[in-house]
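Chemist: So you can see what is in the structure, the chains are spelled out below.
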Amino acid sequence: KAGVTQTPRYLIKTRGQQVTLSCSPISGHRSVSWYQQTPGQGLQFLFEYFSETQRNKGNFPGRFSGRQFSNSRSEMNVSTLELGDSALYLCASSLYGRGFETQYFGPGTRLLVL
Amino acid sequence: GENVEQHPSTLSVQEGDSAVIKCTYSDSASNYFPWYKQELGKRPQLIIDIRSNVGEKKDQRIAVTLNKTAKHFSLHITETQPEDSAVYFCAASIREVGRSQGNLIFGKGTKLSVKP
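Chains as they are written, first to last, in this note's numbering: chain A, -17 to 96; chain B, 40 to 155.
Hints were generated in silico from the structure; no laboratory data involved.
Yeah, the Cβ is synthetic: ideal placement off N, Cα and C, and Gly gets one too.
Wrong hints could be hidden among the right ones.
What the hints assert, rightly or not - Chain B stretches covered by chain A per the calculated footprint, using a threshold of three residues with CB under 8 Å from any CB of chain A:
{"#": "1", "segment": "91 to 103"}
{"#": "2", "segment": "112 to 126"}
Unchecked claim - Cut-off 27 Å, straight-line C-alpha distance, at most; resulting in silico cross-link-like pairs (DSS-like, lysine-lysine):
{"#": "3", "chain 1": "B", "residue 1": "Lys150", "chain 2": "B", "residue 2": "Lys97"}
{"#": "4", "chain 1": "B", "residue 1": "Lys154", "chain 2": "B", "residue 2": "Lys107"}
{"#": "5", "chain 1": "B", "residue 1": "Lys81", "chain 2": "B", "residue 2": "Lys96"}
{"#": "6", "chain 1": "B", "residue 1": "Lys81", "chain 2": "B", "residue 2": "Lys154"}
{"#": "7", "chain 1": "A", "residue 1": "Lys39", "chain 2": "B", "residue 2": "Lys81"}
{"#": "8", "chain 1": "B", "residue 1": "Lys147", "chain 2": "A", "residue 2": "Lys39"}
{"#": "9", "chain 1": "A", "residue 1": "Lys(-5)", "chain 2": "B", "residue 2": "Lys81"}
{"#": "10", "chain 1": "A", "residue 1": "Lys(-5)", "chain 2": "A", "residue 2": "Lys39"}
{"#": "11", "chain 1": "B", "residue 1": "Lys147", "chain 2": "B", "residue 2": "Lys76"}
{"#": "12", "chain 1": "B", "residue 1": "Lys76", "chain 2": "A", "residue 2": "Lys39"}
{"#": "13", "chain 1": "B", "residue 1": "Lys110", "chain 2": "B", "residue 2": "Lys76"}
{"#": "14", "chain 1": "B", "residue 1": "Lys61", "chain 2": "B", "residue 2": "Lys76"}
{"#": "15", "chain 1": "B", "residue 1": "Lys110", "chain 2": "A", "residue 2": "Lys39"}
{"#": "16", "chain 1": "B", "residue 1": "Lys154", "chain 2": "B", "residue 2": "Lys110"}
{"#": "17", "chain 1": "B", "residue 1": "Lys147", "chain 2": "B", "residue 2": "Lys107"}
All chains, please: the whole structure from these sequences, using the hints.
Modeler: Quick look at the structure:
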């Protein structure tokens, strides 16, 4: 099976712009979680989607949003970009996001905000 | 909410030595503790995990121990090799069969360097 894929892999934006990142989970996986990785804060949970519904949300401002489509692909959007949003954005998928299922990570999208 | 602290932040060992990374968690309800390895420029990959009903788990050169009373868990790598060089992250979460998974709360990571 193909692994989790993310597009684009690299992105450069300027402050105030918005950005949309995409994540395609492993075939058959229905749960997609998003994480922000920075050198200072490490890996921080953004939100999790299952069956097109957001089930869990981390402690991020409302500028960060996401959605999931019927084929389980997920997008996250960041509006009004700030310099501090520069980070590696990782998504992870699992079958149902229940019990002790392993989360499989994508390669990430590296976002640089200038 | 849950908080996970990880020590040390950097660790340098000679090839063949053992490496130990320790994490503590705050929420006694946490019951699932995975460890991820992230090589430079690559995605995090699960290397081992442990559930709260188990005290120790081994997989070849890698082992994880859990002390629920003290709320800490540790990763042990024996006979280290240069390819073990990477950043290792511990995490904790509340996982219940039949319910949504909840968040993975990660430690800040340990950069392990194995010198030949």
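Chemist: Next, verify each hint and record whether it holds.
Modeler: Hints versus structure:
Residues of the segment 91 to 103 of chain B with a Cβ under 8 Å from some Cβ of chain A number 0, which does not satisfy the need for three, so the listed coverage is violated. Coverage of the segment 112 to 126 of chain B by chain A is violated. Counting CB-CB distances below 8 Å, 0 residues qualify, and the rule asks for three or more. A threshold of 27 Å between alpha carbons decides the hint, and for Lys150 of chain B with Lys97 of chain B the separation of about 21 Å falls inside it, so the pair holds. Restraint check for Lys154 of chain B and Lys107 of chain B: not satisfied, since their Cα atoms lie roughly 33 Å apart, outside the 27 Å limit.
Between Lys81 of chain B and Lys96 of chain B the alpha-carbon distance is near 26 Å, which keeps this suggested pair within the 27 Å criterion. Straight-line distance between C-alpha atoms of Lys81 of chain B and Lys154 of chain B comes to about 21 Å, which keeps the hinted pair within the 27 Å bound. Under the criterion of a C-alpha separation no larger than 27 Å, the hint pairing Lys39 of chain A with Lys81 of chain B is consistent with the structure, at around 25 Å. Our distance criterion of 27 Å between C-alpha atoms is met by Lys147 of chain B and Lys39 of chain A, whose separation comes to about 20 Å.
A distance of roughly 22 Å separates the Cα atoms of Lys(-5) of chain A and Lys81 of chain B; the hinted pair therefore holds under the 27 Å criterion. Using a Cα cut-off of 27 Å, the hinted pair Lys(-5) of chain A and Lys39 of chain A holds, with the two alpha carbons roughly 25 Å apart. A threshold of 27 Å between alpha carbons decides the hint, and for Lys147 of chain B with Lys76 of chain B the separation of about 12 Å falls inside it, so the pair holds. Of the supplied pair hints, the one linking Lys76 of chain B and Lys39 of chain A holds, its CA atoms being roughly 24 Å apart against a limit of 27 Å.
At most 27 Å may separate the alpha-carbon atoms for a hinted pair to count; Lys110 of chain B and Lys76 of chain B meet this at roughly 22 Å. Restraint check for Lys61 of chain B and Lys76 of chain B: satisfied, since their Cα atoms lie roughly 14 Å apart, inside the 27 Å limit. Of the supplied pair hints, the one linking Lys110 of chain B and Lys39 of chain A holds, its CA atoms being roughly 25 Å apart against a limit of 27 Å. Of the supplied pair hints, the one linking Lys154 of chain B and Lys110 of chain B is violated, its CA atoms being roughly 32 Å apart against a limit of 27 Å.
Between Lys147 of chain B and Lys107 of chain B the CA atoms are separated by roughly 21 Å; this keeps the pair inside 27 Å, and the hint holds.
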